[in-house]
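Trainee: Okay, here's what each chain looks like letter by letter:
There are 2 protein chains.
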Amino acid sequence: MTEIDRRPRIVIIGAGFGGLAAAKALKNAPVDVEIIDKRNYHLFQPLLYQVATADLSPADIAWPIRSIFSKQKNVTVTLSKVLDIDTERQVVLHENGESTYDHLIIANGSSHSYFGKDHWAANAPGLKRIVDATEVRRRVLMAFERAELCEDPEDQARELTFVIVGAGPTGVELAGSIAELAHVTLSEDFRRIDPDDARIILMEGGPRILSAFPEVLSAKAEESLRKLGVEVRTGVMVEQIEDDHVVAGGETIPASTAIWAAGVKIENLKQWLGCETDRIGRVPVQPDLRVPGLPSVSVIGDAAKVAWKDGMDVPGVAPAAKQEGKYVGRRIAAEARGEKAPAPFRYRHMGSLATIGRNSAIISFGKINLSGFVAWLFWGLIHIYFLIGVKRPIFVAMSWFSNYVFRSKGSRLITGMEALRAVRAHVPKRR
Amino acid sequence: MTEIDRRPRIVIIGAGFGGLAAAKALKNAPVDVEIIDKRNYHLFQPLLYQVATADLSPADIAWPIRSIFSKQKNVTVTLSKVLDIDTERQVVLHENGESTYDHLIIANGSSHSYFGKDHWAANAPGLKRIVDATEVRRRVLMAFERAELCEDPEDQARELTFVIVGAGPTGVELAGSIAELAHVTLSEDFRRIDPDDARIILMEGGPRILSAFPEVLSAKAEESLRKLGVEVRTGVMVEQIEDDHVVAGGETIPASTAIWAAGVKIENLKQWLGCETDRIGRVPVQPDLRVPGLPSVSVIGDAAKVAWKDGMDVPGVAPAAKQEGKYVGRRIAAEARGEKAPAPFRYRHMGSLATIGRNSAIISFGKINLSGFVAWLFWGLIHIYFLIGVKRPIFVAMSWFSNYVFRSKGSRLITGMEALRAVRAHVPKRR
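Quick mapping for you: the protein sequence lines, in order, are chains D and C.
Heads up, the first sequence is in the numbering used here, so the first residue is 76 and it goes up one at a time.
Heads up, the second sequence is in the numbering used here, so the first residue is 76 and it goes up one at a time.
Chain D on its own, in the form it takes in the complex (with noise of 0.2 Å):
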């Protein structure tokens, strides 16, 4: 901390579960606070699944910024895009200024990773931000659009294979969400197909699904995924995804809609910072969060590589990049304050938890580990609970409600002129 009459200005980047955190940390603290994010909202991403299967509204999971902070009158929040940092100067560069720091957080999430067959993106788009759950919802739903409209049942067949690459959280809760949508809540909708007929298939290159739990929670996952009507397939690399197939241990699966759930990077922090990166993008950070060599930059959240136990990393959760950013506020807070320094930031591990469609959850809580319809009443108290964190919980788990009790989808609706161009595209003429 320099010996300057003005009040230290704290720059965050992002607006995500670390950068919130960081900043209602700083509430009372003698400092002035940034948030620069290129979105005006904050957003659940845990939940972004549910937007992509039409049971929640992208207003459902996501908050104006500047409506979180409205009271917290030490926070400033630039709607902006970070093109670069000067760690020398101490000045963040963005399309819309500049913003200078004495301490900087770093708490920019991370984008999706093709492992380096980036065309493979427009094939299989992934699930990170509103407008790819929309774009996933509107090629789910158009997907039974055009098999409606064909006649041949090689092409129908094609139209209803969905596949889903990555059996992690995101990618079992979407089969069991995109299961439930044909064999449930579309059942009686169309007049020449039957949803009932569309397979969906979850790959993944491991071993077995939902690698991060215990093993006897990735066998009651499967068999949950099963009775929901998905087809899971393990210990299968994924070679070629094309707009009508994928080629999948070497077999060839007709199928026009995939999407990605299988791997995250880090962009531009190396370039930025100068600084060392791990594989996927990620910083090395010292037990106090700082980048080494850089002490008045700190990263936290996914960006951040942070040692917790047994050779382990912690994980790329949202419960860490909380703790992390509610780290960091703190230990600025303390030396604004000229307060003694808080000992090394240490993770505590909530649990894991994954939900498979309306009855199913599994849940792995220390040495509890609870599977079924009672992991799944506890997996939706507890993402209500973590909601009311942002606001208006209480529609979210009115949505949920009514979703179960009336099996409807009020979501499912496909915006843009798009639609028609992707039914044009695909589907023979018909007399």
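Treat the hints loosely; a few may be bogus.
Once the Cα atoms are required to be at most 35 Å apart in a straight line, the calculated DSBU-like pairs of lysine-lysine come out as [said to hold, decoys possible]: (1) D:Lys146 x C:Lys302; (2) D:Lys156 x C:Lys203; (3) C:Lys340 x D:Lys148; (4) D:Lys102 x D:Lys302.
Hints in this document: simulated from the structure, not taken from any laboratory.
All of these numbers come straight from a predicted model, not from anything done at the bench.
Since the structure of chain D is provided, determine the placement of chain C on it from the hints.
Mentor: Okay, now just chain C, sitting in the frame of chain D:
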């Protein structure tokens, strides 16, 4: 009706209020119904302005056509855009094929008319579709974001000036709603600007706002708007709309946001049917809503010019479209059953209503004129009642209630990357 063995085929173009009512009236008739629409949802258009001002989400006011008819097995839904109609062969040509009809019901609604100045569309979007509403929302919210990034007071004033052209119900409701967004909802969200400084200007070419209402109610509405801080200008013709100013009545008003709520037109019908249309493209129909000379074609809703009383036409409002759809459905059902044709169509006017912000509305119902808070409550009840016809009105009611009580705008999301480009284009770099 030809003397053939198969069931008559009824094709309906458009799933708005008229098209839905017609299909529902054919529920138990011995006919096959095909609804052709270029979108997969029915839109509750009277509340579209609330999506534009972030009170509601698109999914609150739109419902998948397929789910509305999932139980009515004589209805098929085709997602396709109509290209032409062959009235000789009785065939509708659309992007995904052809549909043969015995009876055709045209219910394709209206679009914006810029009175020949179509180049205004880019600078002053209208409000007919969901994409229009999210575009208007984006422009309004981005204007505040740009103002927050401005240094120059003149630039700030231009960004914070909103011009609404046309003071029918949509223009009035939009102006009231933007005024509340600026003066109430956003009041604490910014640090460098005061959203209270925003100017909302409502322009009307005619001598008074809401010309379809009794004069006393127009005056009440104008008073309510002024209380909300809206500048109302009547008898003013707009001469020019550019991206940074509007010229009206000889005066140049610097304003970076303009919204069009002035005129409608009906497209394509003259060309498709080879029949007469009026100045705005409507088809004058017979008392049984058939097109003169084309007994197998009926036109309903905004697209039909239907004589009412005192030389007036039936107004282009949702209840009129519903009544016409129901009438034509019943007429065709009677014919299919070999029953007597019903008496000619008679429009029952249910009254007019418009709301101005959170506390005020005006209602004209027969000889009853209501205004103020009681009218506002009545307005809410009426809309909830009409929504029951579709689905989940409880959610809309709760969204309203929550917005009312908490003054929150949960749907205040700027989606898509265009947001940023807009900032970049308009705002001078700052240090």
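Trainee: Confirm or reject each hint.
Mentor: Do the hints match the structure? See the list:
| no. | hint | verdict |
| --- | --- | --- |
| 1 | D:Lys146 x C:Lys302 | holds, 26 Å |
| 2 | D:Lys156 x C:Lys203 | holds, 32 Å |
| 3 | C:Lys340 x D:Lys148 | violated, 48 Å |
| 4 | D:Lys102 x D:Lys302 | violated, 48 Å |
In terms of the numbered hints stated before, the structure departs from hints 3 and 4, listed from lowest to highest.
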